[in-house]
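The chain contents come next:
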Amino acid sequence: MPDMETKKKNFTKRKIVKKIVFGLIAALVCALIVFPIIWMIPAAFKTRREIWQLPNTFWPNNFTWDNFSKVLTSSLNGYNFLSSLGYTLLVSVIAVVLSLFVNMLAAYAFATMEFRGKKALWWYFIITMFIPGITILLTSIKVVYFLHMVDTIWVLIIPGVVSAYNIFFFRQFFYGIPVSLEEAATIDGCSRWGIFWRVFFPMSSTPMVIIGVTTFMGYWNSFVWPSLTIVNNTKIAQVMQVIRILNSNYSSNYGIVIAATLMAIAIPILIFAIFQKKIIAGIAISGLK
Amino acid sequence: MDHKRTLKTLALVALASIGMASCQTDSEDEYVEPGATVITMYAQSFEDWSNSHLIEMRKKFNSIEDDGIQLDIKLFEDSVYSDALTSARENNAAPDIFMISYGNIYHDLIVPGYGEPLNDLMGEAAIDDILPNVLDMVSYNGQVYAYPQLVEPSTLFFYRKSMFATAGVTSAPSTWSDLLSACSKVLPTLRKGQYCLGLPIGTALGWATYGMQINTTGGLAVNDKWDQCLVDSQGYRDLNGFFYDVYAGGYCPAGNVSPKGYTDIIEGLCEDKLAMTLAGSWSIAEIVNDYPDVLDDIGIAMIPTADGDATKCSATNGGWTYAISSSGSNKAKAATVLKWFLSDDTERTADFFKAACYSKAAVTKSVQAYLSANVTDEYKDMLAIVNEVSSLAEAEPKYLWGISTAVGAMFETMAVKCDSSKGDSFRTSTVNNAISTAVQTINSLISASDYQTNPYLS
Amino acid sequence: MNSARPLVDNEMFRLDKKRHNRFTYRNQWVAYLMLLPAFALLTIFVVTPLVMALIRSFQDYNTSAFVGLQNFEYIFGTDLFAKSFRNVLVMTAIITVVMIVITFLFALVLKAMNNKFGSFVKIVIFIPFFISGIAASVIFTLLTNYGGGLITSILVSLNKDPVSFTSDEVLAYAAIIIPTLWLGFGYNTLVMYAGLINIPNDYFDAAKIDGASWWQTMVHVTIPSMRNYLVLIIVNLITTSMQMMEIPLIMTEGGPLDETLTPVLYLFNAFRDPSRPANATIAGALVVMVVIMGVNIVVFRLLQSKRSEDA
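These protein sequence lines map, in sequence, to chains L, A and E. The first sequence begins at 253 in this note's numbering and counts up by one. The second sequence begins at 1325 in this note's numbering and counts up by one. The third sequence begins at 23 in this note's numbering and counts up by one.
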């Protein structure tokens, strides 16, 4: 009959085997996820002959920087990639700042103040969370044409600034800020605004990072809206819009498209690298409703 | 404080983005004439050589001082071009000049009235210079609405001489039976990933086969008046049979070997993935520009047809023209620009065709004569074949696109349903079934209440 | 609370909404001011278009006369939109089911791993979250291109015929579903993971004491405890999948003969096409919204009722 020692040993062995197997599975999954990106990187340095050549090679035999130089210096078929990078960055940054400001303010009002019609207003906001973009796509275009915003950076920034989900998220977070802090600020003579700036705002760095990053990503990766609203003013076309156009034009000399795509995803990946701990931690919070 | 640093970073980022955004590219060394009227031109973006040529011409035009005109060209990629035009028109900012293809002139220019009649603006000499068959394509009710730049036949036959030699094929096939026998000789010499014959696939089957349809059946899917479906004919049965045979033999790839499909199918040929292919004449420029090392190994001929008759139409003429917006305010100046580009100076206009490596055919008598007289030896054969085929070619039809899609779907059914293991009766029944489906679709389109018959005949 | 002054509104009423007095609404203009930008923007750019869409979907496009359900009949009877709608329903179903299964399983794997390696894995799988549909399609095209992509290259080396992801219907679906799964795997796994680690260990201990097997624990403890997270994931998946457009656009352009056409792609293509009646497509978009909301409500209800089961 197996004694305690053997039982323990068997148990530990099983645990180790389990750990190894799981580790292998995890490694395999990671490899699968990363593989397409790894495969893509050398492709940016391949000439048009090599990129669709059979059989494929991982490393380019004729290494070339031409694709990058072409993307960065020339005005390919009317669109300038560098310009699109710049304007997408500009639009995204402005949008994040505006969006955080507007949404946090609204969340603060809902979280800390009482006012007539509060419940109705809250429902008004929440309902908009359930309106998918497709439903209002055609009619929003009509609205922005009416407002003469088309072909400017504002049509890219303004419509997406308010997000009921973000307001919800911030409100949840603000509920967690102790009343005593507000009290102390009020005693110091702070107004409502003051309380917001001195108490709530400084404490919100975690949700601000998460919401800020996701908002930035939303703007950086946007494609449908820019494609429909930035038509004649090709200078301010957004980066994903330009990549799609490059994809249509340079599908044979695909290295150009790959080079552009690499540069376009470099910035989001960079942001991920900088804020990675907070972002991953934030996913856990966002699940708690 | 942490926030100050964040704000500083944000400000830096914003500055960097503005810096990136204000990158100027190719208009730096251009002469800007003070006080000149700005004429805007919307053009579609094509191959790099075509775009650079256009930009070059623009710089040359703008360097002309004291003519009171500053030309601004905006290039748009294919899928966004019509959006850009529509949006510009909606905002009362229609471009003074815009590019338009022959096939779209009636529906997108004449019907909505966007184009100004050009007979007076361009002058009699320029109008008379247009070749007769091209004149038909740009006129309506006696007025020219768009000044043509080029025509390009949509189907030529290209093949790799070395791959033919390896397979023991001695000459370019001129009939379908020659083609099938050449394919059967080439097939065993190929590896996986290589195919004998390239054909249009998918949507391209709708427009790239017009030439074959005219050649085999003497007409198209509907009659001249567009009110009767002609697909149920022996000619179409034969054409369907052709598709059946090539696919049953396994000679054609299942998908597009070139990323853009038929428009750049020549890449498949240049990259050793196809031994022979149908392709438009524009492919010649692509070979010269992007695959010059295989240029000598490529042969060009008229497409193989049912009977091999070299005097029949085997392609349709596609191409591009320039029109002047009827809502523009500087039509006379716009006409000056157009004349400078396309009719004043024969050599200047012919320059385009040289840049195009003679892959396109001229549309004016003067340019045509100039090219024939001045072509360099290496391009003599190309010029000859492109001219020959385009002179026999007919205009692309303007009937409802849904009709062409139905015909294309019919050919596609052949590709999908063919089966080399089944006999002739299966082949016949498949052909007939596909034809009756197509006839049904086309008839339902014709009988729709808002269907328009040929306006050119009324 | 040590102050002797009367309690101001926020102190008394932040989380307790029942007690009001005459001081309650004293400063409410500040609240309205703070809400004003958000309210204005939402009204102009979200609510107004929605109302416009509702109105137009019942109007004739050319005459603006009221035509009842005619637009809806048209869009589902004769138009390509109906086909796109069917396509996206199939795709959404497949993506949702597969995504939930694989992310749940991998979250279990993640949970059993130690910290360092676990953090590394979490970071790696989250990378695709930052990549847009357009960029992902470019990346996957390198693999699926018929003429010279990696898959073709491998098949050719094995002396097999290449497969065309754009000409074959089933493969076209795969060409869309796989990049979508790739993009969403990281985020959804992390949410699942958050759900898993938030289950109090007591539950598991109790189950062990009761002698529950692995499977029983899974069904009766783990999954019900993750209700909130599952709802979040499913709602999110359905909403985003029903509106997918970028991947079909680049990978298959709507697929062989519109077999992979999706509603948003249809709208995108038809956008300035005068031959397609805009009001009918608006009607279609409204139906998409109703379907999304409907499915979400059903899912919500299903997962809510489970709570009452084991309460």
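Take the hints with a grain of salt, since some may be wrong.
[Said to hold, decoys possible] Calculated lysine to aspartate or glutamate pairs in the EDC-like style (CA-CA distance at most 16 Å, straight line): (1) K322/L <-> E1371/A; (2) K105/E <-> D232/E; (3) K487/L <-> D1396/A.
It should be emphasised that the hints constitute simulated quantities derived from the structure, not laboratory data. Quantities reported herein were computed from a predicted structural model and do not represent experimental measurements.
Hint by hint, here is what the structure shows:
{"no.": "1", "hint": "K322/L <-> E1371/A", "in the structure": "holds (14 Å)"}
{"no.": "2", "hint": "K105/E <-> D232/E", "in the structure": "violated (52 Å)"}
{"no.": "3", "hint": "K487/L <-> D1396/A", "in the structure": "holds (14 Å)"}
Hint 2 alone, counting from the list given before, is not met by this structure.
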